[in-house]
Structure formats: C-alpha cells, structure tokens
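Asker: Taken in sequence, the protein lines are chains A and B. Residues in the first sequence are numbered from 5 upward in steps of one, following the working numbering. Residues in the second sequence are numbered from 5 upward in steps of one, following the working numbering.
These aren't lab readings, by the way, just hints derived from the structure by calculation. You may find that some hints are simply not true.
To be verified - Straight-line Cα separation of at most 30 Å, DSS-like style, residue types lysine-lysine; simulated pairs: (1) A:K81 x A:K132; (2) A:K204 x B:K421; (3) A:K270 x B:K366; (4) B:K366 x A:K36.
Said to hold, decoys possible - Rough simulated footprint, nothing fancy, chain B against chain A, three-plus residues with beta-carbon under 8 Å: (5) 182 to 188; (6) 194 to 206; (7) 263 to 277; (8) 348 to 354; (9) 415 to 421; (10) 447 to 460.
We treat Cβ as the ideally placed atom computed from N, Cα and C, and that holds for glycine.
2 protein chains.
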Amino acid sequence: MRHPAFFVTIKFVAKLSREELLREFEPIFYPKSIAVVGISQNVFKVGSVWLKALVNAGFQGAIYPIHPRGGEFSGLKVYTSIRDVPGIVDYVIVCIPREAVPQLMDDCARKVRAIHFFTAGFSEAGDKTGRLLEEELVGKAKQGGFRIIGPNCLGVYSPEVRVPYGPAGRIGEIGSVGFISQSGGIGEKLFELGVARNIKYNKGISFGNGIDLDSPDYMEYMGADPRISVIGTYLEGTRNGQRLFSTMKSVANLKPLIVWKAGRTKVGAAAAASHTGSLASSAAVWSAAMGQSGVIEVQDVEELTDTMLIFQQLGQLEVRGNGIAIVGGLADGGGGISVSASDSCAELGLNIPELFLTTRRKLTNVLGSVGSILRNPVDLSQSGSNHLKIKEATGYVLQDSSVDLVIVQIDAGILLKYLPWELVQSIFNVFIELVTEQGKPIVIVSPPGAFETQRLEMEQRLSKASIPIFPTMRRAAKAIVNLNRYSRFRRGDA
Amino acid sequence: MRHPAFFVTIKFVAKLSREELLREFEPIFYPKSIAVVGISQNVFKVGSVWLKALVNAGFQGAIYPIHPRGGEFSGLKVYTSIRDVPGIVDYVIVCIPREAVPQLMDDCARKVRAIHFFTAGFSEAGDKTGRLLEEELVGKAKQGGFRIIGPNCLGVYSPEVRVPYGPAGRIGEIGSVGFISQSGGIGEKLFELGVARNIKYNKGISFGNGIDLDSPDYMEYMGADPRISVIGTYLEGTRNGQRLFSTMKSVANLKPLIVWKAGRTKVGAAAAASHTGSLASSAAVWSAAMGQSGVIEVQDVEELTDTMLIFQQLGQLEVRGNGIAIVGGLADGGGGISVSASDSCAELGLNIPELFLTTRRKLTNVLGSVGSILRNPVDLSQSGSNHLKIKEATGYVLQDSSVDLVIVQIDAGILLKYLPWELVQSIFNVFIELVTEQGKPIVIVSPPGAFETQRLEMEQRLSKASIPIFPTMRRAAKAIVNLNRYSRFRRGDA
Numbered sequence: 005m006r007h008p009a010f011f012v013t014i015k016f017v018a019k020l021s022r023e024e025l026l027r028e029f030e031p032i033f034y035p036k037s038i039a040v041v042g043i044s045q046n047v048f049k050v051g052s053v054w055l056k057a058l059v060n061a062g063f064q065g066a067i068y069p070i071h072p073r074g075g076e077f078s079g080l081k082v083y084t085s086i087r088d089v090p091g092i093v094d095y096v097i098v099c100i101p102r103e104a105v106p107q108l109m110d111d112c113a114r115k116v117r118a119i120h121f122f123t124a125g126f127s128e129a130g131d132k133t134g135r136l137l138e139e140e141l142v143g144k145a146k147q148g149g150f151r152i153i154g155p156n157c158l159g160v161y162s163p164e165v166r167v168p169y170g171p172a173g174r175i176g177e178i179g180s181v182g183f184i185s186q187s188g189g190i191g192e193k194l195f196e197l198g199v200a201r202n203i204k205y206n207k208g209i210s211f212g213n214g215i216d217l218d219s220p221d222y223m224e225y226m227g228a229d230p231r232i233s234v235i236g237t238y239l240e241g242t243r244n245g246q247r248l249f250s251t252m253k254s255v256a257n258l259k260p261l262i263v264w265k266a267g268r269t270k271v272g273a274a275a276a277a278s279h280t281g282s283l284a285s286s287a288a289v290w291s292a293a294m295g296q297s298g299v300i301e302v303q304d305v306e307e308l309t310d311t312m313l314i315f316q317q318l319g320q321l322e323v324r325g326n327g328i329a330i331v332g333g334l335a336d337g338g339g340g341i342s343v344s345a346s347d348s349c350a351e352l353g354l355n356i357p358e359l360f361l362t363t364r365r366k367l368t369n370v371l372g373s374v375g376s377i378l379r380n381p382v383d384l385s386q387s388g389s390n391h392l393k394i395k396e397a398t399g400y401v402l403q404d405s406s407v408d409l410v411i412v413q414i415d416a417g418i419l420l421k422y423l424p425w426e427l428v429q430s431i432f433n434v435f436i437e438l439v440t441e442q443g444k445p446i447v448i449v450s451p452p453g454a455f456e457t458q459r460l461e462m463e464q465r466l467s468k469a470s471i472p473i474f475p476t477m478r479r480a481a482k483a484i485v486n487l488n489r490y491s492r493f494r495r496g497d498a
Numbered sequence: 005m006r007h008p009a010f011f012v013t014i015k016f017v018a019k020l021s022r023e024e025l026l027r028e029f030e031p032i033f034y035p036k037s038i039a040v041v042g043i044s045q046n047v048f049k050v051g052s053v054w055l056k057a058l059v060n061a062g063f064q065g066a067i068y069p070i071h072p073r074g075g076e077f078s079g080l081k082v083y084t085s086i087r088d089v090p091g092i093v094d095y096v097i098v099c100i101p102r103e104a105v106p107q108l109m110d111d112c113a114r115k116v117r118a119i120h121f122f123t124a125g126f127s128e129a130g131d132k133t134g135r136l137l138e139e140e141l142v143g144k145a146k147q148g149g150f151r152i153i154g155p156n157c158l159g160v161y162s163p164e165v166r167v168p169y170g171p172a173g174r175i176g177e178i179g180s181v182g183f184i185s186q187s188g189g190i191g192e193k194l195f196e197l198g199v200a201r202n203i204k205y206n207k208g209i210s211f212g213n214g215i216d217l218d219s220p221d222y223m224e225y226m227g228a229d230p231r232i233s234v235i236g237t238y239l240e241g242t243r244n245g246q247r248l249f250s251t252m253k254s255v256a257n258l259k260p261l262i263v264w265k266a267g268r269t270k271v272g273a274a275a276a277a278s279h280t281g282s283l284a285s286s287a288a289v290w291s292a293a294m295g296q297s298g299v300i301e302v303q304d305v306e307e308l309t310d311t312m313l314i315f316q317q318l319g320q321l322e323v324r325g326n327g328i329a330i331v332g333g334l335a336d337g338g339g340g341i342s343v344s345a346s347d348s349c350a351e352l353g354l355n356i357p358e359l360f361l362t363t364r365r366k367l368t369n370v371l372g373s374v375g376s377i378l379r380n381p382v383d384l385s386q387s388g389s390n391h392l393k394i395k396e397a398t399g400y401v402l403q404d405s406s407v408d409l410v411i412v413q414i415d416a417g418i419l420l421k422y423l424p425w426e427l428v429q430s431i432f433n434v435f436i437e438l439v440t441e442q443g444k445p446i447v448i449v450s451p452p453g454a455f456e457t458q459r460l461e462m463e464q465r466l467s468k469a470s471i472p473i474f475p476t477m478r479r480a481a482k483a484i485v486n487l488n489r490y491s492r493f494r495r496g497d498a
C-alpha cells in the first residue's frame, strides 16, 4: 500500500529510520489540529461529548467541530464541511453513521493526515455492506493520502498534547508506558487501572479493525519512540501474521513488549470475529512465536497491568537473579501468610533461598527465636510491630547476597485493627527508606480489606517511591516472573 | 486418648451420634463462661486487649480475668487463680509465657472444659523445651479432663454468643459458613474478607499446632452442626493423615468442604514446620486424596473466600449444568471484555454454548445487529445503557435453555464516567429483579477502579440479593467451576 502524500509507507520498517517513523506518526500522536465530525446541538451525542472532552482536557491545538448545519458549539465555530476548515487537519475523529462515511472520505482527500473512526459497522458486523465499505475506505485513504485509525475504536490517547482517551476521557499523569489495544473498552480499562495503580502512560491507542494502520505499525512506532520504555498490548487477531511476528521480535529486542492475546479459545475467537473482524489463529502458534521472540505473553487484564507496572517501577533497576525473600507478619500472625506466600512463589518458579546463617543470626538478635520464622520466608511477628525492628530486620534480609528482591506483605486492614494510623505510616515508610538506602528492589503485596482510604493513601506514597504494589501474592509473583524472564532474554540466557 | 471427665473421645466418630458431637463442642463454641489468663493493668498487653474485646463485643456469659495480683479490671473482679473462680469455667484464653503454662494446667484440672492457648513457643519453635512442654500439656489435659485448642492460635469465633475472633476481634453478620484455620493470621484474613465481601460466618476456629483437638475434630463438628452449610479450611499439615483423609471424605459427603492446603512446595512445607510444627506431605498425595473424596481443593486465600462466597450465595439453588452465558458492555465498549471473558471461562473448562436462534432473534430485536455480539458472549453496548433494554436482553439470555448461569460484567468505574449515579443504580437493580423473577443464578464481575464508594454500595445491595460478586472474570470462573464440580460429585457423576 503506497500513500502518495503525507505518509510514505511504513509497511517495510527496515527502510524507515527511527526519525522517519517518528515523523510519520507525529500528526497522529502530536496533532496540531483535530476535527470532530458528527457533533450536534444534542449534547448527549457522542461527537458532542467527545468535542467537549477535548476542550475540557485543554488540547493544545486547534479544534474544528463539523456539522452540515454550521453555527456555533461550545464557543467554537462549526464548519459545515471539513473542506471549509482553513489549512491541513492533522487528525479527524469520526462519529457519524457508516452510510455517511464514503462522502466524508472524499472531503478529506489531500486535506487531512489521519482519520480515526469511532464509527462501527464494518467487517465486524458480519454483513456484506460492512465488508464492502471497509474496502472502499482503504481505497479512498490510499488515493486521498491519509491514514486510517480503526474503524470501530477509541483512537489516540496522548497526554503530552492533552488528547484525552475517548469521549469520556481525562488526562492522567505522564510517564513512559505505552498501550496498544485492539479493543476500545480494554484500552479504557487500561487507562482507568493505570490511574488507580499509578501506571503512567506516555501515550496509547486503540485501533479496532485496524484496516490500514494495524498493530505492527503502532508497535514499530512505540518501539522507536524514546519516550516509551515499556509497551503493553491487547490483541484479538491480525491481518498479517508474518509481519506481526517479525515486528514483535524486533520490538521486543528494543524494549519490553507485553502482549495479551485474546481469542485464544474457540469461543473467544468467535467473539473476536464479531468484535473487531479478527481471525484469531491457534493459541499454541501465538504462544510459541511470542516466547521465541522475547515477547512477554500475559493472560488477562490484571496480568497485563501488573506487568506494565513492575516494568515501570523496576525496569531501570538491575534485577540480577531469581532469589526472592518473603517478609510478612508486620502485625501479629504472619506465619500462615508466610507459608502460603512461599507456595505461590515456588509454584511459579521463583527461588526462595534459605538465608545465610549470618543473616539468620542477625535476625535472631532482633526478633528472638521463639515464635519467629527466619529462614525465608521471614515472619516479623516478634518485632511487636516496632518499626525500627522491622527496618533493621528487613535491612538484613535485603543485604543477604542470595536475595535479589524482597516481597513484603502488608495488610493495612489488619495492621490498623491493632495500631494507630501514625504507627502504621511509620511502618510503611520503612520500606520507602530501605529502597532509597539500599537500592535493592522491594515489591509490596497489599490486599484490599477494611480501612481502604488509608490503604490507598499509603499505596500512593509507596508507588511514588518506585515500589510496585499488587493486591495478591500470586499476582506479585507472576509479575516478578515476567520481569525476570525478560531480563534473562535481554542478557541472552533465556 | 481417653478423656475421663467432660469429653468422651471423639477420635472414633462412628461411635458418636450427631447429638453427642454437638454436645462435646458446646463449651467451646457456646461457652457460658470465659476466663482470660494473662491480663494486666498494662492495657497494651494482649490478654488485657482480648478481655476488653470480649466485653465490647457483648459476650453473653460470665467473664473472669485472672492475674496473681488480683484487683479489678474493666469493672470486673480479677481472680488471683483460676481455682478461685466459682463453678466450672467452659473456656479459658491463655496469654502467658510458655514457662508458666504447666502450673496453669494443674490449676485447670477438673475446673475447666477447654483451654485455648494463644501462647506460642511449643513444637513450632523447633527447640527441645517446646517439644517437651507440648507433650506435658497433652498429658495434663488428659488427666485434668479438658480439651486443648492450639497452642499458638487465635481460637474460637462464635458470633451467636458474641465471642469475637482474637484480641482485636469484632462480631460480623451471622450466617451459615464455618471456617477452620490452622493459622490465626489466615483466620483473621478470612474474617476480614468475610466482612468486606458479605460472607456470613456461623462460627470459626484457628487451632495452631492442634496438639489435642485437631483439624478432623473441627471438621466432624462442623459437619454435624446443622447451622453450617459450607466449611472453608486452611491446613498446613496434620498429625494423623489417615484420620484426616477419612474425616474429609465423610464430611464432604454431608456438605461442601473447601480445603486450602498450604505447604505444598518444599519451601512452603519448611515454613509450615516453623509455623505450626506441621509435617506437610507431598502435594500430589493431598490433591489426589482430596479429589477422590469430593473435597473442593483451592490454592490461595482468594480462591478460598471466592468459593465460600459462591456456595453461600448459590448453594441453595439447583445449578443444573455447565452452560454459562457471559453478558457485558453495559456501557459502550464491551467487545474486548466479552472476548477475553470467553477465554477465561473456556480455559477453566466452562461451557459457553451458542445461544439458540430464537434467543438471538429476540436479542436482535432489542439491540439491533450492527455493533452487537449476540451468540454468547453477549455484548449489550447497543442498548445505549438503557436499563429497560438491558433487562429485556439479559432476561432472554437467562431464559435460553442452554444457559444454567449468567455472568454479568459491570465496571462501575467506567459506567459512572458516562452515566449519572441514578441511572447506574437502575442498571444494577435490573440484575436483582431478574434473579428474583427468574430464579436462575446471576454472578457479577465488578472490578475495582474509580468511584469505589458507589461500587461498594452497589455490591452490598447485589450481595444481599444472593448474587455473588468477584473482582475478576478468572476468579468468578474458578468459583463457578468449584461449585459445579461439587454439584456433580453430589449427584454421583464426578
């Protein structure tokens, strides 16, 4: 597919330099102007809502509402056609019925750089009209010299230029994570979970049917983008498996590429066909190809966000090995938690080495031997919830040379049954101090329960100190396994 | 082991009738008097805290604080020795150092019915003193005619007579779930998660080292107790594997017995030995024995509570088969969720049947075909979040004869981005109405996110309408698998 005007083809990545790739996608992720087609005075219509979201988010470029009747909307001049807008429009958001789309495509020729279709009803609808329309769109885009995002998707999220994600979108904190989601709804979940869990996105995209720009295109771009350090992806299928696999391989060599491939089962694949018109191939083929390429394969939205989070928080640290220490019992009664935590970690293949005798002696001095479990897991119940003892003991565990990473279980709901909030805060602070002082990674397991307000407040503070937090031991362990596997892949011993 | 006085032995269950078993445990779970040994004027000492918790919870029987110096505590007369207390004491809570325990045991002879040791430092400490003390305790209990709970545990939770669980315990809502936990800390988590998720316990116990009364004893009792409809258990090991396995088998034939066996891995088993002095055997042996006996084996605290919850909420309904329908997309964009939900369910062995053509026709009439996924999973995005359409469509899905249970995904955080709270409430209410009107079970998946206050409020309401709620699709699917497996076992086709 050759594009005569603004875009050179990006199908053959080898031919494009990193700079060319970045320039190609500039109008999509850093648009200077956005038109919204399909606004109306009915403020509940999606186009109107979307336009307001752009205004409210403080989008930094020009905004052009388009409607055949013209007039004014939200203080902005409404253009009756995209052709009347002065100059070139970088990005068009389309919220009109599928029947009106071909005429719009003609109007956009040589006028716009990229069109994003929220509009659905194409190949995923399963009717002939939808399929033919899709072919027509591709042809018109080629002739008109612009690229298509979608159809049937929520398009771009780009907080640096204040483009919110979707019609009810907001702007989150800016960081270095990128997401690519075939589904708009999953993209929305990723955004929301990001806000809740302190995952900071640099940009994101949902691309729906992907009839022109497809998952490999976005992967290549985010692979080339120096502002992005880790990519999380939700895929249902692809139109060009060979290209996708070779792209995943080259991108995974540059930075962590996490892929959740849905439609793995027969019934999931059937649903994917009705959702984004995707033809899903066998799960085994996908898994094998991803595993060989260094792609981090995950199984659900929880594992995807958990894994993005651990790479964001610990990706810069050198996690040298697989040796995990488990610390629990910050309030009385950490024994059972220690036993079951060991199971979860060991079953997923993590190594829980017995601490060196010198470490255990130091721990005995702090905690005493009666009622303590000190080999690893380490049960701090005998610290009497004294934050100085907790710090000293955890410090010894971190210093043990067989330990590469420490998992600490903190149950705020149970701590706050026994201790005043000030004391519990001092305990949480211990781990922030230890990470700063010792530089070895700490991962926190903090289950929901009673005292949710206090728990969330402490999680925010821990999170800002580069500590990743997970709601269950199993999820923490799985994220660590994914982190370690990629480290081994990059070192060449996977 | 024969007990001369209040207890006849319950080692040979076949010889005890249900009534005898219930009478045996009456002083433990329905005590008329409780003594707390180890209170002091230092209000931070655990004995003092525990005594106050008993008073605050409104325990209905007599409370006797014991301390060598006598005096008064919390408005109660302090006895200098348990021997001075008038009459028989049903239940003694012991919070004194291990060295003082043998003398106390002598004082308790013929005076008390059951002693619960919070005190730790016995076989789990790994020293000779601890082991010898434990043997001494067993001998003295036999001679003295009382039973031992523990040592090294939190003992009884019995909300009907207002005995809180542990020194910081409260009283939760009373229902029909029983818990048995070797670990006091895990018991506390089960209690707290119960409060958070509307699991209503009838009673619970943590039994630590279990040197006299052990897990099979508590299982037999709860098996016999007509107030209990489902039993959730956390085990680290046992002193008599043969007896435990035969007990589990007979109890699982009476009611659902859910068992989380920790210490499955080598490192977990080592931690269990330091925690409750348990010798864990091979995971495979345990799993095989449990599977054959109809015991529902679970892997972590989340699956244990999820499974107790689904039995509490749906155990009375006749879930006839394995046919699951998945409904999503209550706000825009349920497609990706539908695809991935199908994967999670199908991978765990649930059947997602294609809906009958008649059902799909009815759905098309309500939702239209463009943009809809209607075979199962069913994506309701085209309902425009209209609660009447959502009710009509979900009603048709429930009526489909291939469907035994419907899973509905509701993301309150995303719904509330688009809709006012009143509208979201009407949508939630649809499912309460449908369960009442149609009698087929609905399970809700409701992930945490933004708008936590509103989410928790709606979850409480759904929960009171016998709808079980899970935070992720995978956890819901796993709980349903456990429920179905037990139904098949009871029908004899497992």
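Asker: Indicate, hint by hint, whether the structure satisfies it.
Answerer: Structure-based check of each hint:
1. Distance hint between K81 of chain A and K132 of chain A is unfulfilled; the C-alpha atoms sit about 38 Å from each other, more than 30 Å.
2. Straight-line distance between C-alpha atoms of K204 of chain A and K421 of chain B comes to about 20 Å, which keeps the hinted pair within the 30 Å bound.
3. Among the hinted pairs, K270 of chain A with K366 of chain B is consistent with the structure: their alpha-carbon atoms are about 24 Å apart, no more than 30 Å.
4. Among the hinted pairs, K366 of chain B with K36 of chain A is inconsistent with the structure: their alpha-carbon atoms are about 47 Å apart, more than 30 Å.
5. Only when three residues or more bring their CB closer than 8 Å to a CB of chain B does the claim for the stretch 182 to 188 of chain A stand; here the count is 4, and the claim holds.
6. Given as covered by chain B, the stretch 194 to 206 of chain A passes the check, having 4 residues with a CB less than 8 Å from a CB of that chain where 3 are the minimum.
7. Restraint check on the stretch 263 to 277 of chain A versus chain B: 11 residues with Cβ-Cβ distances below 8 Å, three needed, restraint holds.
8. A stretch counts as covered by a chain when three or more of its residues have a beta carbon under 8 Å from one of that chain; for the stretch 348 to 354 of chain A and chain B the count is 4, and the coverage holds.
9. For the stretch 415 to 421 of chain A, the stated coverage by chain B holds: 4 residues have a C-beta nearer than 8 Å to a C-beta of that chain, and at least 3 were required.
10. Check result for the stretch 447 to 460 of chain A against chain B: holds, 5 residues qualifying (beta carbon to beta carbon below 8 Å, three or more required).
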